[in-house]
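Engineer: Each chain, letter by letter, is given below.
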Amino acid sequence: MDTAKPPVGYVTIWVWLVLLVGVGLAILVAPFSKVLSVVLIFAVATLKAALVLRHYMHVRAQPLMIYAMICVPVVLAIALTLVLLPDIAFRP
Amino acid sequence: MSAISMAEGRRFVGRELTREPLGKVGVWWFLASEIMVFGGLMGAYILSRIAAGGWAAERAHVNTTIAVINTLVLLTSSLSVVEAHGAAEADRRQRARRMLLCTVLLGCTFLGIKSFEYSRELAHGLTPSSGLFWSFYYTMTGLHGLHVLVGVIINFTLYIGLGRYWEALHHRLEYAGLYWHFVDVVWIFLFPLLYLA
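Just so you know, the protein sequences line up as chains W and S, in that order.
Sequential numbering of the first sequence, starting at -2, is according to this note's numbering.
Sequential numbering of the second sequence, starting at 7, is according to this note's numbering.
Be a bit skeptical, because a hint or two may be false.
[To be verified] Here are the computed distance ranges between Cβ atoms for each label pair:
hint	chain 1	residue 1	chain 2	residue 2	range
1	W	L61	S	R65	16 to 22 Å
2	W	S30	S	T70	40 to 46 Å
3	S	S135	W	V8	41 to 47 Å
4	W	F39	S	L78	38 to 44 Å
5	W	I75	S	A66	36 to 42 Å
6	W	P28	S	G169	50 to 56 Å
7	W	A40	S	A50	36 to 42 Å
8	S	H67	W	W13	16 to 22 Å
9	S	E173	W	L82	47 to 53 Å
10	W	K31	S	G169	48 to 54 Å
11	W	A86	S	H67	48 to 54 Å
12	W	F87	S	R65	19 to 25 Å
[To be verified] Where chain W lies over chain S, by a calculated footprint (3+ residues, C-beta under 8 Å):
hint	stretch
13	25 to 39
14	71 to 85
15	117 to 125
16	194 to 203
To be clear, the hints were calculated from the coordinates, so they are not data collected in a lab.
The C-beta atom is built at its ideal place from N, Cα and C for all residues, glycine as well.
So that you can see chain W by itself, here it is in the shape it has in the complex:
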């Protein structure tokens, strides 16, 4: 018997993406601190991006080489920002 879970439909993913847009807007008006709001808003954005990458771009089905090609510039872009952050944030 085939017990494999059926793949999530594209429309279902779209509904989730729309709901997450709503969640992002709800965070904006929720009584959170500024820092917590920013963190949550970007967590929601990352979740949306992950949904698009996984279900629409089918990244999960790609070989390791494709993963490496995508991960390296992502890590470099984040590292570039983080490395320069102390110079900007702690400038007297």
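Use these hints to put chain S onto chain W, whose structure you have.
Structural biologist: Just chain S now, kept in the frame of chain W:
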């Protein structure tokens, strides 16, 4: 080993690693380079914003409602392009072309709404030279808009071509889709950066 057999060997190793058509690998390479372009811009924006103390006054002038509508338009276009790819895989030609045309129209809608937003801001005297926030705003949304325009042209060209040369071109739907989804992912991060945070 001769030069030709070494080249053959290298090509074989490359195909062994990816097991994907070279066109698809090329699209992923291109998208990887685009990550650095937009990643670098976003990083520079975040650092400049921290250095400037938040840009709260400038950010109050952007229209979040228009941006939300555009976000929904782009998310829906991602759905239509992935549906087009799915239909092509199932050899449902008419549906694939219809979904691709939907993507083109939604891309045009996004650009139309963005143009309206720009005209509104420019009418209020908010130009790229109005401050660092506006320089970043126009650069990042302008570059993203250019990518949307290129995507619209690619998808429309493909839509026309698929009518006559389905067998030769249908696999390119996946490549066009990958590019379109990437443009969507970029907007997913631009939206909170410029309008929400």
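Engineer: The structure should be examined with respect to each hint, and the outcome stated for every one.
Structural biologist: Status of each hint after checking the structure:
Between L61(W) and R65(S) the beta carbon distance is about 40 Å. The supplied range of 16 to 22 Å is therefore violated. One distance hint, 40 to 46 Å for the beta-carbon pair S30(W) and T70(S), is violated here, with the actual separation near 20 Å. Taken as a hint, the range 41 to 47 Å holds for the pair S135(S) and V8(W), whose Cβ atoms sit roughly 44 Å apart. A hinted range of 38 to 44 Å for the beta carbons of F39(W) and L78(S) is inconsistent with their spacing of about 19 Å.
Checked against the given bound of 36 to 42 Å, the beta carbons of I75(W) and A66(S), roughly 28 Å apart, lie outside it. Our hint of 50 to 56 Å for P28(W) and G169(S) holds, since their Cβ atoms are close to 55 Å apart. Under the hint 36 to 42 Å, the C-beta atoms of A40(W) and A50(S), about 22 Å apart, miss the expected range. Judged by the Cβ atoms, the range 16 to 22 Å given for H67(S) and W13(W) is violated: they are separated by roughly 31 Å.
Evaluation of the 47 to 53 Å hint for E173(S) and L82(W) yields a pass: the beta carbon distance comes to about 52 Å. The hinted range of 48 to 54 Å is satisfied by K31(W) and G169(S), whose Cβ atoms lie roughly 53 Å apart. As the Cβ distance of A86(W) to H67(S) is approximately 25 Å, the hint placing it in 48 to 54 Å is violated. Checked against the given bound of 19 to 25 Å, the beta carbons of F87(W) and R65(S), roughly 24 Å apart, stay inside it.
Taking a C-beta to C-beta cut-off of 8 Å, the stretch 25 to 39 of chain S contributes 8 residues in contact with chain W, enough for the three needed, and the coverage statement holds. Counting residues of the stretch 71 to 85 of chain S whose CB lies closer than 8 Å to any CB of chain W gives 7, which reaches the minimum of 3, so the coverage claim holds. Counting residues of the stretch 117 to 125 of chain S whose beta carbon lies closer than 8 Å to any beta carbon of chain W gives 0, which falls short of the minimum of three for the stated coverage. Counting residues of the stretch 194 to 203 of chain S whose CB lies closer than 8 Å to any CB of chain W gives 6, which reaches the minimum of 3, so the coverage claim holds.
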